[in-house]
Structure formats: C-alpha cells, structure tokens
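2 protein chains.
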Amino acid sequence: MATISSCPNLPAVNHRRPTILFQQPPTGRRWLISAAQNSASSAGSRRELQQRRGRSSHVASSAVSTDPPTSVVGDMERGSLAEKSGRSDGQLTARWREIHGSNNWEGLLDPIDTVLRGELIRYGEFAQACYDAFDYDRFSRYCGSCRYPAQTFFQGVGLDGVGYEVSRYLYATSSVKVPNFNNQKHKSADSKLWSETATFIGFVAVSTDEETARIGRRDIAVAWRGTVTRLEWVADLTATPKPVSEFGIPCPDPSVKVESGFAELYTGKDVECRWCRYSARQQVLAEVRKLVELYHGRGEEVSVTVTGHSLGSALAMLSAFDIAETGANASSDGKRAPVCVFSYSGPRVGNTKFKDRFEQELGVRALRILNVHDTVPKVPGVFYVFDEKTFPEWALRSIDSLGLGAVYVHLGVELALDHKVSTFLKDTLDPACYHNLEAHLHLLDGYQGRDQGFQLCGRDPALVNKAADFLLDEHMVPPVWRQDENKGMVRTEDGRWVLPPRQREVDDHPEDTDHHLDQLGLTAN
Amino acid sequence: MATISSCPNLPAVNHRRPTILFQQPPTGRRWLISAAQNSASSAGSRRELQQRRGRSSHVASSAVSTDPPTSVVGDMERGSLAEKSGRSDGQLTARWREIHGSNNWEGLLDPIDTVLRGELIRYGEFAQACYDAFDYDRFSRYCGSCRYPAQTFFQGVGLDGVGYEVSRYLYATSSVKVPNFNNQKHKSADSKLWSETATFIGFVAVSTDEETARIGRRDIAVAWRGTVTRLEWVADLTATPKPVSEFGIPCPDPSVKVESGFAELYTGKDVECRWCRYSARQQVLAEVRKLVELYHGRGEEVSVTVTGHSLGSALAMLSAFDIAETGANASSDGKRAPVCVFSYSGPRVGNTKFKDRFEQELGVRALRILNVHDTVPKVPGVFYVFDEKTFPEWALRSIDSLGLGAVYVHLGVELALDHKVSTFLKDTLDPACYHNLEAHLHLLDGYQGRDQGFQLCGRDPALVNKAADFLLDEHMVPPVWRQDENKGMVRTEDGRWVLPPRQREVDDHPEDTDHHLDQLGLTAN
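Residue numbers (our numbering), protein chains in the order written: chain A, -17 to 507; chain B, -17 to 507.
A portion of the hints provided could be inaccurate.
The list treats identical chains as interchangeable, and a pair is accepted whether it falls inside one copy or across any two copies.
As the list claims (entries may be wrong) - Cross-link-like lysine to aspartate or glutamate pairs, in silico, EDC-like; alpha carbons within 16 angstroms at most:
| hint | residue 1 | residue 2 |
| --- | --- | --- |
| 1 | K174 | E456 |
| 2 | K402 | D412 |
| 3 | K469 | D455 |
| 4 | K469 | D451 |
| 5 | K174 | D119 |
| 6 | K402 | D451 |
| 7 | K402 | D433 |
| 8 | K408 | D455 |
Just so you know, the hints here were simulated from the structure itself, not pulled from any lab data.
It should be emphasised that the depicted structure is a prediction, and the values quoted were computed from it without experimental measurement.
Construct the entire structure; sequences and hints are all you get.
Right under this line is the structure:
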C-alpha cells in the first residue's frame, strides 16, 4: 500500500506551501527527511519537473518510475515571477473561460481536466483559508475575528506566493437562525471583546499582475467561511423558503425563493457594531463593484469567482446570484464579468425558480464538489421538503408553483467524489470526516474521472489530518494535528502560566463603501 | 470572586517552576504581566517575603493586604543554594520525622500543618512528573518511554531546582491484568519500537546535599506512574486478593493478601526485553538497597518516601510494603530507614491482614490524599467485595479469616479533600476531573483544615487545567492546555508535513542490579 513517505506520485519538490494555522509564519525549523526519502528531490528532478509542466499525462502508478510524475502542483506553484517558476504554461491563459464554466464544464470532468483540477484545489484552499485564519479562541478578546491583518492574510495561512491580495474582509453578525455559526465568545469582566456580535465570515481578494498574466484575466475571488464547529446548523435549517426580494435582493420575481437562514445571515446587520453596520451583502457588493469598475476601466478582462465550503457554499451561491442580479459584476461601460461558483460540500439553497433565474437568466455558473457519503449536500431535503433526488422535476415545479411544500434543488454541475476510493483514508463512521474540506482537496488531488482510480498528483496527504482523524495510521500522521503550543499559554517571569494579552488591529471597512452602494442603487444605512 | 490574576493570596514572586511538558526547557519567551498585576512584584515585596518565610500564619483573605502573604511556596523554593533563597528556615530539618509520619500525622491535619502541606505538594509533583515525562505519542518509536534522559529529568518536567537527582528509571512490562496501563503503541513497518512491551513506570531519586540539609535527612524518593488514559483499569480489578508471598514478596503469613492485578504489574517481567528483564520490583529493591547502604555508610540519616497517584498509589503501597518486608531499607549495620507513602487518589490494595502487617509489624506509614467525590479510592469495594466503609472491622476480619469473600481495606491515615470548596473550580460531572492529580495539588494548596475554608497559598491555579477542564471560565485558562505545537509535526524543506524521526537514548538498568538483588537474597533471573 502506498504510504506518504514512499508514494512515487508525490513530486520531489513541492513549492506549494500548505495552509498553516499559526499566527506567525513558521520559524526556521526545517527537518530534512531521511536520505532514502530524499532520493527523488535532487535539483535534477526539479528541472525535469519544470520542463514537463503542462503535459496532462496521467501520473505514474505505484511502480517506481524514473520519470518524476507530471505534477499538477506545478500548476499551482506560486511566486512573484511566473516565468521563473515555469508556471506560464499558457493553458489557463488560453482556456480560462472554459475552466470558469462558460460551457458548464462539459467534457472537463470525466476524465478530469488537469488544469481544472488545479483550479478546484486552488479555490478550495481559499475556502480552507477562512477556517485557518479564524480566531476560535474562546478566551481571546478577538474571538471571532481574523487572526491576521489583511495585508498579510495569505502569508498567515501559508499561501504566500498564491498571487492574490486581500481587498477586504467580510463580517457578518450573529444570526438567530444560525446560532452556532459564531464561536461562543467568553465575556470576561477583564477584557473588552472586539465585538459582541461580529464574526469574520470571509474575504474578497484580487489576483496580482503576475497571477493575472498566468490565469488570463483579473480574478476577483470571494471566499466565504463555513461553520465553526459542528454541523448543528443543519438541523436549524428552516423548511420554508422565502422570496429573495424579501431580503433586498432586487429580483423582480417573488416566486424566486431561498432558505431564509442563509439569507438572514447574508443580509443581517447590527448598526451598533463597527464591523456589522454593513451587512455581509453590502460589503461584498460594494467591493466587487469597485474592483470590476476599476479593472474594466483599465481595459482588462475580469472574472468573479465565488467559493465556500458547507454553509460558506450556501453564502457563495446566494452572493453570486446577488452579484449578478444587482449588477455588481457590471461596469459603467456595460461590460459584465462572468460569475462562477466553486462550491464544496454545499447544501441546497433555493427552489426551482431560484435555479432557473440563477442558471439561465443570470447565467451564473456553479460547480459543486461533494463527497457522496456526506449528508450536508443532501439538505434541506428531509421531511416535508421536496428535492430533486426524491422527486422528478415536473413534480417539483408543480409543488413549488402550487405552494404545496418547500422545494429545494441544487444548482449547476455536480462533481461527486467518494472518500472510499482513497487508499490513504480509513473506514470511518464519523460524518465530520465525510464533510471535511481538506479531505475533499485530497480526493480532488487523486481524482481521475468516474471509476478511473485514485492517483495523487502532488498535494500533501498529511493535510487531511489537520483538523480530522481520517488518515490511516500507517501514514504516521497524528489526528487533528494543527494546534498551538500550550493553546497559547505562556510563562511569565515569575513562573506563572497565563494567556498573554494580545493587541490586534481588526481590519475595518473601506471608506468608499457607501459610494459603491449608492452606485448600485442600494441604500447604505 | 477571586480570579487568578487578582488573587492577593498569590505571592508576587514564585520561584517554584511548575511542571512543563516540553521535551526542551522553555525558550526565552517571557511575557510580562500587566503593570496593574505587577504591582505586588517589586523587589521590596520579594525581600519581605523571604523574611516572613517560616511563619505559619494564615494567608490573607480576599481583602487586599499590604503585607504580602506568607507563602508556603517559599518552603517549596528550589535552588542549589538553600541559604541564598532563604529556605533554610529549619522547620523541616527539625521536624522531618514527624512530617514523615512517625506519629501518624497526629495533630498535623486539622488545621493542616504548613510544612506538611508543602511536603504533600512536593511529593505530589513527583507523582505528576511521571505523567508529564511519559511519551504518549502513538506514532513515536519511543512511545511508552520517558521523554527525558535521567540526568535531566527534573529540568525536563520543569522541576529544576527541586533538589533531587534521578538515580534510576523504573520500567514495567505490559500486564494482561491491567491492559490499559500501557499506551497503544503503533507498530509501523518503518520504525522499530524501543520495546514492544516495556513501559516507563516511575523513578527513584535522591536528595542533593543542599536539599538534604534543608529537609534534615537524605531522602530516597520513589515515584510511580498512574494510568495513562482513562480509568478502565478500575473495572478490570479482580475481586480476588492473593497472598503476597505468591508474588515473591517474602511475607511469612499466607493470609496477607493483595489485589492481584497490581501485584502482577509490580512483579511481572519479560526476560526477552532489555528493560523488563528485571521486574519493577527487582529494580526498585535493588536501587533502594544500594542507596540506603551508601548513605547509611556515610553516617547520614536516610528516609524512603514512596509516592504515586491512582494506580501509582497502589504500586506505592505495595512497593513500600515490599521494601520493608524485604529489608531493602536496612543496611548491613542494622539501621533501618523509615518508609512512608504519600498517596494520591489511591484505590484499596489489600486485606485486613495486609493492613496489619503494613502498619504494625512493618511500621510503614501512609497518608492518603483523596477527593471525596472521586470513585477510585472507593474501589475495590463493589459487588462481592467487602470494605471498611460498608462493614465494621470485626465483620471484615471474620469474612476475611473465614474466606467468605474478598476484603479490601485502606491503609494508614486519610486526608479527605473536596473539590467543591474551591472557588476556582467549576461544577462538573466529569469523574476524570474529580480524579485529576493537579486538581488535588490545587486543593491541598488551599486546604486549611476540615471545614476551615479554602485559601490558596501560592500554587498557580492555571496548572489545574494542564490536562483537565476544571477551572471556571473566568480564570481565562483554556482547558487541557498542555500540548506540543502541531503534535510534533514539522515542515520539511520541500513543504511537506511530517513527524521527524527522533533519536533518543532510553536509560537502561545499572550494572549493579544483580549484586544488590543477591544481597537481598533475591535471585536476579
């Protein structure tokens, strides 16, 4: 059986830095792996790897090959100089629209297109970054905020070289409907919380000039955070969809409906709070509009790529719909940036009318990555709720139109993965494992096509166990291994153990928010 | 309500370094607590503190006192020069025999004698050190061994300055009767385990010359490790005691019986294994004999103090009995070192005859510290087992002599604590908290006497939560906070995350073991 250390599919050199959880970039500690394991990591192999980049050949099977495998990781290499790293293979530059879903990914899924696979992992990492950056520490004054300043976000999460810069953080207020979305903040008499109700919910980022050249257009990436802890919110979902227009989204058709919990989280605000005086909706619309206007104004091609895992996927779908409906992806010269959603482990969001509007009238594309054993993509879809797995489309439309019950249907195109095909994962009954995002990225890394086997292309399998107990023991990776030393406790000079007081600036909203909201015809507050 | 940061009972300067879990001594990171909190930690207060040391006055109540409280911690200060630190107050030097139980601690428990309290915390820390030093890492080649070399053991566990040096590590072999005592070791094809069956089970240490001066005699401390994880072994206890003589302990009376699981662990060996070719029994007897002979030979007064928590307490009782019965505490000139047990959260060990022999004929002293809510001190004592809580002594003796059932009785003197009297601990239903050793040390620190309130004398309450979730939230100490960064995972040069291979020498047995066993009339193997 392949083990992490012996797997020949793994490239000798992986410039792709995986996500990390520390507040500080890693120290200089570097452990050399043993000589035997290092045999493939000579400089010679590295050059070969660069030369081979771009060829979409199948990676070698478990027989040890003298050729280092073509690494999709190569496509994901980051660096300030694309040419130097050999990433300018031109594929994405030429094919970005197709990869972005212009043809609904027809012909790209089975077998999977290697460029697409690389993109799916890349955007999945943005979604993962939202989790890794989140301050979960109940005793922290900044619980619920982002651990890193916007300027160094990607370095903080270990994605420096990713070629994006954060334009804005997104905040939401605690939602009654989704009560477990926020971490329980501990209100200590001693320390004032940064905010009673606000929570870091995602970010908007833009590709740098170099990355823009590599990917063929200026990409505005919007990433939404999923649930903090358990999946209790799944049980909290209401079975009654509501018209999107009730939430301020300017859809003319009142029969276009969405699950109201997601919509409330998306549109809720707390005018008393510095970070939530704008709803998440207002924040993302203002930012997307600003950036689209800016880059279209420079004559660039622009795309909007929205991503999220779990609850974050629902927010991604809703916000992508909203961006298109409100026209935040349109600039004053009439050009429209295409909007696409890369969704991971997402629940259903709206009814058949919502789907029609989303896909046809607005032309938003969505690719939904899921694990067939995960229950989240199957909800809402329980008692008294009708979904497309259980009922034929005509029946759903009837039920919907006649108001006979709650109808929820999925959007876009589905890419179904199965964790049981991976030789690295153990047979577990834990639903949290099925739902785990890092596990999905691992499954994508090995995915070749439907029933076409599993062969890793370069992503470090150890990442699966960052926050899960999913890898087989023989891979010698401890379960749930990402953690701070002593949970942040340190010893004072007099020998006592304490959580040290931390000062942190929490990034606020840009001053031009109101302006862009006005331009969109939305009142600020 | 008192909080850790504001509690005036806590001395400004605490030279007592709490136990730590890292393999390396702590780095230079020191966080200064805020100025407000530091107001008591001026050099002036420090001098006052030293001058006051030795006065056994009650510590100040929650009103802020201008006098820094008399700190028992002062009695626990460690340092290579006792005079410099002001520890040579003379109390222990003069009173050590009484503190060591020569008068069964009469008059010392209620109200509690401050010197005794300090000693109980000190030996409790030795028991705690066994846990802190244990390599729990399932994926480590050294799982089940001690993380530190014997020479630097106390530094490793954060007790440098404790004034003792490890003389020998103790190892036991996996026991069928106590199957959960050892950690599940992962047997990887890649790496050879240090031992399939051995487990680090405790140590023998000796007071340095300076410490000897402070405490009034050369102390040979024997500390036994308790259970690694859960208390499953409690259910595994057999209800049938067996004669100690069946295990090789040279007691002439076959009606003296002990619980056989403990005895098997104590006397088991695995001749194939380098570390278990001697049983734990053989190791401790050889070492104690050697040291007693050595120091009596120098004309010193010597004591043997045995300690352990939980299962370690049972081993402490059994080994103390054995040391006295076998005469390992006797030197060739006929002098006998007194033997005393400080037990924490200990179960019952033997029958009434065992108790008689232990206390009367052998004259071993035992002080059992327990939490009244903890179930472990109540076992064995379940169905078909008779114990002194349920039956009067005369009945127990009858049942015992007539062989009508299993009888287990506790030894020595009891010091019952109650976690509910501490204002720092939360109301929990978790039995693991009731049983937690650090919690007991916290309770000792605050103990004044029966129903005499709770006032901390200097031990850092944050230590309670090292491996438990017991402190109230308002003390801002995360639960179960002692942990290694990323569970030991590190990034290689090529960005991959791995557990680095570690080389470690595992301390072996001294070569003179056979000699001392011979001297005791015990065959080696």
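The hints, checked one at a time:
no.: 1; hint: K174 with E456; result: between (46 angstroms within a copy, 13 angstroms between copies)
no.: 2; hint: K402 with D412; result: within (13 angstroms within a copy, 36 angstroms between copies)
no.: 3; hint: K469 with D455; result: between (25 angstroms within a copy, 15 angstroms between copies)
no.: 4; hint: K469 with D451; result: between (19 angstroms within a copy, 13 angstroms between copies)
no.: 5; hint: K174 with D119; result: within (14 angstroms within a copy, 38 angstroms between copies)
no.: 6; hint: K402 with D451; result: within (15 angstroms within a copy, 36 angstroms between copies)
no.: 7; hint: K402 with D433; result: within (12 angstroms within a copy, 60 angstroms between copies)
no.: 8; hint: K408 with D455; result: within (8 angstroms within a copy, 36 angstroms between copies)
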